[in-house]
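Asker: Here is how the chains run, residue by residue.
Number of protein chains: 4
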Amino acid sequence: MSTQTTPEHHLEEAGHAPYSPGTTEWDASSLTERYAEVRGFTEQLASPLSPEDQTVQSMPDVSPTKWHRAHVTWFFETFVLAENEPGFAPFQDQYWFLFNSYYEAVGPRYARPDRGLITRPGAHDVGHYRGNVDTRVGELVATLDERRLNGLTPTIELGFHHEQQHQELLLMDIKHVLSRNPLQPVYAGAPLDRCEPDDVGWVDVTGGLVEIGHRGGGFSFDNELPRHQTWLEPYRLADRLVTNGEWLEFVADGGYERADLWLSDGWNLVKEEGWQAPFYWHSPGNADGVWLEHTLHGTWPVNPGLPVSHVSFYEADAFATWAGKRLPTEAEWEHAVVEDGQADRVVGNLADRETFHPRPASPAPVGSRLRQVYGDCWEWTQSAYHPYPGFQAPAGAIGEYNGKFMSNQMVLRGGCALTPPGHARATYRNFFPHRSRWALTGVRLADGGVPGQVAR
Amino acid sequence: MSTQTTPEHHLEEAGHAPYSPGTTEWDASSLTERYAEVRGFTEQLASPLSPEDQTVQSMPDVSPTKWHRAHVTWFFETFVLAENEPGFAPFQDQYWFLFNSYYEAVGPRYARPDRGLITRPGAHDVGHYRGNVDTRVGELVATLDERRLNGLTPTIELGFHHEQQHQELLLMDIKHVLSRNPLQPVYAGAPLDRCEPDDVGWVDVTGGLVEIGHRGGGFSFDNELPRHQTWLEPYRLADRLVTNGEWLEFVADGGYERADLWLSDGWNLVKEEGWQAPFYWHSPGNADGVWLEHTLHGTWPVNPGLPVSHVSFYEADAFATWAGKRLPTEAEWEHAVVEDGQADRVVGNLADRETFHPRPASPAPVGSRLRQVYGDCWEWTQSAYHPYPGFQAPAGAIGEYNGKFMSNQMVLRGGCALTPPGHARATYRNFFPHRSRWALTGVRLADGGVPGQVAR
Amino acid sequence: MSTQTTPEHHLEEAGHAPYSPGTTEWDASSLTERYAEVRGFTEQLASPLSPEDQTVQSMPDVSPTKWHRAHVTWFFETFVLAENEPGFAPFQDQYWFLFNSYYEAVGPRYARPDRGLITRPGAHDVGHYRGNVDTRVGELVATLDERRLNGLTPTIELGFHHEQQHQELLLMDIKHVLSRNPLQPVYAGAPLDRCEPDDVGWVDVTGGLVEIGHRGGGFSFDNELPRHQTWLEPYRLADRLVTNGEWLEFVADGGYERADLWLSDGWNLVKEEGWQAPFYWHSPGNADGVWLEHTLHGTWPVNPGLPVSHVSFYEADAFATWAGKRLPTEAEWEHAVVEDGQADRVVGNLADRETFHPRPASPAPVGSRLRQVYGDCWEWTQSAYHPYPGFQAPAGAIGEYNGKFMSNQMVLRGGCALTPPGHARATYRNFFPHRSRWALTGVRLADGGVPGQVAR
Amino acid sequence: MSTQTTPEHHLEEAGHAPYSPGTTEWDASSLTERYAEVRGFTEQLASPLSPEDQTVQSMPDVSPTKWHRAHVTWFFETFVLAENEPGFAPFQDQYWFLFNSYYEAVGPRYARPDRGLITRPGAHDVGHYRGNVDTRVGELVATLDERRLNGLTPTIELGFHHEQQHQELLLMDIKHVLSRNPLQPVYAGAPLDRCEPDDVGWVDVTGGLVEIGHRGGGFSFDNELPRHQTWLEPYRLADRLVTNGEWLEFVADGGYERADLWLSDGWNLVKEEGWQAPFYWHSPGNADGVWLEHTLHGTWPVNPGLPVSHVSFYEADAFATWAGKRLPTEAEWEHAVVEDGQADRVVGNLADRETFHPRPASPAPVGSRLRQVYGDCWEWTQSAYHPYPGFQAPAGAIGEYNGKFMSNQMVLRGGCALTPPGHARATYRNFFPHRSRWALTGVRLADGGVPGQVAR
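Protein chains in written order, with this note's numbering: chain A, 1 to 456; chain B, 1001 to 1456; chain C, 2001 to 2456; chain D, 3001 to 3456.
Just chain A, with the same shape it has in the complex (with noise of 0.2 Å):
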């Protein structure tokens, strides 16, 4: 059996790949502050779930609530207290074994996919655990001399983000395991008012040799580094996301059932596996074109001017096809967005936390043109999630297994609806197989880049 395309290392990974050391000034009291930050958004994610909801991996991909409380606990502990406090013991053995995600040279690991069947510890125990660490951190941090604790910054910086990418991946998660009840359980929030799309627009970009990747300042993954040259003739995107409006008509066209307009991957999974519209549409009796949707908030008809979510690459790809245009790579996505100034906007999402969902586009920011490209779904690209030229792994522990996972995946840029504040970026590169569709990810359409004309 293939095990090319399971996501499996991708969720880890995403918060696993060695950072690179930024320019932002940290001091233990700031460290601190944003520990607790970070850490109490974690639980705060966490508070409307019951023990049972903690529990439960209803497939392969996902991973328990209480799982991920306690493996990013177990980050904090196995990189920052284990070499550095004193007199350091694991606060429970079995949590080495437990909570690791894929790092071999920690040690042996517990099977990814039997992740729901441990029932202890609970998902109090991991309460308990959580907090015998942020004490333990928090007393670190207060007692070692400047000079270590500049060392230990990066470490724990990186935990940050790392934590972040599992809050993202908890709700992600938690909305599928909820998918599977009948009874149709409300994580949290309400849905908006129907809306209809708006008209898209198309911003032009003039290519050239570019240059993308992380400038250094402020923190990044390794694998947006090392800044590189690459030539990219005119090209241009839609200034907004595709429209669950618009994918209604797709669907109406028989978008699922035309072989031409597919990858023949994508087709072999429309037919195996019965795909007939995004992975939580589901059509009540099947009958009359009546489409509703699995939210976080529960289930409702789907709404045609929000943001179309939770397709795959080759839907993506497919819905492109079909509309006579074609996804973006990721360097045009990236050069466009920090044309358009919105390179540098380290914005968050969840700001949004009365729907837990993708909104419709409202107004770009001033004097940008593109719109909902950080906050409502990561954007497909059709680059493969590939190293960047001169790429190297960072030494250490931590960088012991930089790239990976690069194969097989597809690079997703922007950020979405349950992205944490202050977690995305232009140069962010997230990446997930091409058939991945519980992951909340949507479409932005290009055009133009043919060699020797300009863009229309």
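If you are wondering where the hints come from, they were derived from the structure by calculation, not from laboratory data. Remember, predicted model here, so these are calculated numbers, not experimental data. We put the CB at the ideal spot given by N, CA and C, even for glycine. Among the hints, erroneous ones may be present.
Stated by the list, open to error - Quick list of the computed label-pair ranges, beta carbon to beta carbon:
hint	chain 1	residue 1	chain 2	residue 2	range
1	B	M1059	A	E272	21 to 31 Å
2	D	D3204	A	N132	33 to 43 Å
3	A	E272	C	P2451	28 to 38 Å
4	C	D2134	B	M1059	45 to 55 Å
5	B	G1245	A	D114	30 to 40 Å
6	A	R194	B	D1093	41 to 51 Å
Mind docking chains B, C and D on chain A? Use the hints.
Answerer: Here is chains B, C and D on its own, set in the frame of chain A:
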């Protein structure tokens, strides 16, 4: 993929085989009292388990604890209340779907392997459901006139036996759930002191043209009927179960490495699944013949004086071949136990709640010769689970699927350490697929039975 | 993956069950004559098949024609020549490995599902192998003294019966191979005219304490022994097999759509594998109840007057339930056939080589009442394939694996249109897994047998 | 089950990617001559194979020899004859179904993994089919007027290249078929003398803003278009392929045991499939580092001086990591080869039909520096098989599925020892899934390419 040997159907079948109206005298008062007793015992068994413990399904054979608690409640709601309670309305519509086990006529069912995905209703919600149904059943019994109560009594009595079967399964299932946890959790109880096997004795039985099957008078399931004649050559049975000590000899003698001892299907499983010992034995480091056993009271060294448990039919058969003996037929077992004066002992187990585990052989009851008949391990026979001659499915909803599990399974007789008090009898036909190991099964050897010979 | 129901072991087992030395008088001349006859018939059956036809394995149950031709030759080489021929050397070392079917003691085996990957030796090479062994066996028989020849005769006679079983399998297997080809190739023969079922009659049998099993005198396999007593209530058997016409009524009445008719394991297969009719029936366009049937003489409309064939045990059982009847036990079948005066008819089939297919019921033999006993379809019984009481595996190499296939299979009695002449008898116990459909199986109904009643 | 990495689509795709009309001058005479040459070479390659050899499909990736022979014929019948031959009728209706590979628009297709079940038409029948189509194509070419012939010529030329691709695949496939046979059959040829690797040299390339893609003039597939600019940092390439000798060092150094060398998906395959060496290496007895290799000329000790072959992308990548190098991108490969003066060498292989196997590195062509560019092993690159910027699928039937295989595969460049004469060129983009090992693949290392640096 073959489904012939999945034990899915077995579990519920155990309780759903329609009953034979017996001579037990019930009135509203005794029914109410027994109802409280049986229902309360289920909750008592679940009480050591956390919400997380009660949620997990560690393999398709296993059901979550809270599912057992809800399903047996659904049984009373569906078969007792729905057709008799004035103005009946279900407690919750979706429970009708979630907690039906296999009654296709009652409506669509939630897929068995997905029972562990249901986080809601939670363990606490199930308690509410149980309380609601208990109240309503109590009111119904208190208000029905005598004629209608008599008409309903067999169904209520069937509900008692159904719930008892799920009590046994609940314990077998949670044993498996906890076995997957590296923290080695304890359900309850403590180990016995190490002891050695005593000598096995052999009980001679004359046989001839004998009768087997339930005589009527008291409760039975329909698969124990009709009582009928069968011919037995003279044979003999071991007076106790095979012990761990004897099994250790089998292992040491290459029992799991010699193809000549095994049925072909069994040998394939030995190789494919890497069987080296009974299901819950494991050898730390695999080095030196030291075996530990997972039990409901934790993980402890294998105790040689206790009956071997959690072996498949194939292992039981291979052991018998190795020992130069064979397994008894179900007719031999039943006839011998009746002849031995233990036919009518509607004994219970679980009385010994110190260990939740089989115990060493103690002396036979006064006037009897066979030991360990009911309270330690379900005993594999060499009889396929087929209908008795003249077997007829009862009419009506409950009898709809009579006998539908009568293929690809073997009969087991007796009872086990997890069987609730008052549940076992000589004519009881339990059954599992040949390969099942998670049930509390053991081995009693037989000999003789050769045409034209007398037993040695 | 479960292996319990794979018919892998069955195929060879059919021929390898050690024999019971009979009273047949053999000498060098009659042995040589019979050897030529049996061996020649194999080649005759293979002669319409191209090298390509003889190479393919269309599913794991099926073996390639050239493998059958080589394997039965290997049997003589291994069990007759190897221990008796002076200066024995194998024809080709690797053949030892390639053409062993399941004898683990003889050495490692080539994986059964990979038999279709072996392009060499080709069909022509296998002919050379056969000729070589034939010559050597002939020389051995001609040169052994009487004492040694008498000692070897039972093994040679077993080789005859072994080869006959593979003749039957060769035809069942090539039927499946050709069924996968859209060109609808013909093996041989031509269809009969369309005919209608005649009336079924019922034969009453008194039963009581009867004996079944082989009496000795003539050849039998060891699974037919020992002869022993069993108790039968009065019963009756249909005097002919169920017809295609009756099966069409079953289909039209929703036979494959009503869960209540089926054993649970069978119903799961109906749904999983989409069963809608017997194995080789298909409905072009699936529209209007027109059914075609693949046969060895090509694809033709289903003929209502012929016995239904290629149904699984589950289908046979569901049909009997639908008809308000049941399947016979193997004891009922054998006792009735013996009582009917057809016990000793060592009849053959394949005599009717016009069709290589079951034929309409013709009148019973003079003085008998049961029709279609041996020459049309192997008849499913409701008896599991288990050892007879007192069954003992013979000593020695051939008996090494006696009875190792006695689990998860059902007994079939009689014979079929592909059974070679002289191969069937009343005590013969054939067996297949419940789900098998590619074998030439059919259905005879039974009734009565209820304790305390007489047959209607 | 994922289908993303099945090479099913690859095999045909190789030949079906629509062509770019070139400047080659064809007339009826030269077309006829080339047709005879290409078609005859297919039969020449098949001639050492028996009907049995030509029938077997040893895994889903593999097609039977006679299927290849028929499929390439079907291509001419479908795309050349069907729309141009007066009064066209197919040679055999069912062949339309059997020998279509993936053209969904042409009609339903026979399932790829079942190609090995088709015993008829046999190898000889396929010869008839080929002869019939050859005659008809010849007549058509001879009778068309110049305008119509010119219109048809590109399709005929595409048929040549299509057939050549299947010639290569035919050899790769039969190599796998024969590998499964314990008799170790030889296809043809004889081994070279043992030799040692010579020193590897490194070729520096300046890079910059370069162009890649086909220039027009002569044949190309559409995936080589459009020619476009890309930016390359200075880099260097090894002047020869990695050798068996170097791979033996990798194995001896624990190359298949060190997770840190592998991409995560690759490491999972190493464990799941037990990879310990290249695909066709095996170690008899697994004892002492002696490795044998299955080749088309039989099974022989691994020759250290030959290029390593039959390694997956994951193995190539792990080896490069172990060596402190990396794989080239496809742009780096193409640019370097063109710069090296080997761009226009439409060279062939298979010229060396002594071995049907890669050979030791010989000196580079005069004026060139890179060795083993075309004639030994297809070279893995680190580039995903994606459309070039501005790629457009041609209109019409043949172009229907342009680019539909552009996911989950990696580009390989060059050619191999089984590539037919005249088939390779610098811009040719071959592709296989990351895990493929049965294709004749090898490794050329790259270095440098780091932004802001020059190649070492």
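Asker: Decide, hint by hint, whether the structure agrees.
Answerer: Hints, verified against the model:
A C-beta distance of roughly 25 Å is found between M1059 (chain B) and E272 (chain A), which places it inside the suggested range of 21 to 31 Å. A hinted range of 33 to 43 Å is violated for the C-beta pair D3204 (chain D) and N132 (chain A), which are about 57 Å apart. Checked against the hint of 28 to 38 Å, the pair E272 (chain A) and P2451 (chain C) fails, with Cβ atoms roughly 52 Å apart. Our hint of 45 to 55 Å for D2134 (chain C) and M1059 (chain B) holds, since their Cβ atoms are close to 54 Å apart.
Checked against the given bound of 30 to 40 Å, the beta carbons of G1245 (chain B) and D114 (chain A), roughly 33 Å apart, stay inside it. Between R194 (chain A) and D1093 (chain B) the C-beta distance comes to about 27 Å, which lies outside the given range of 41 to 51 Å.
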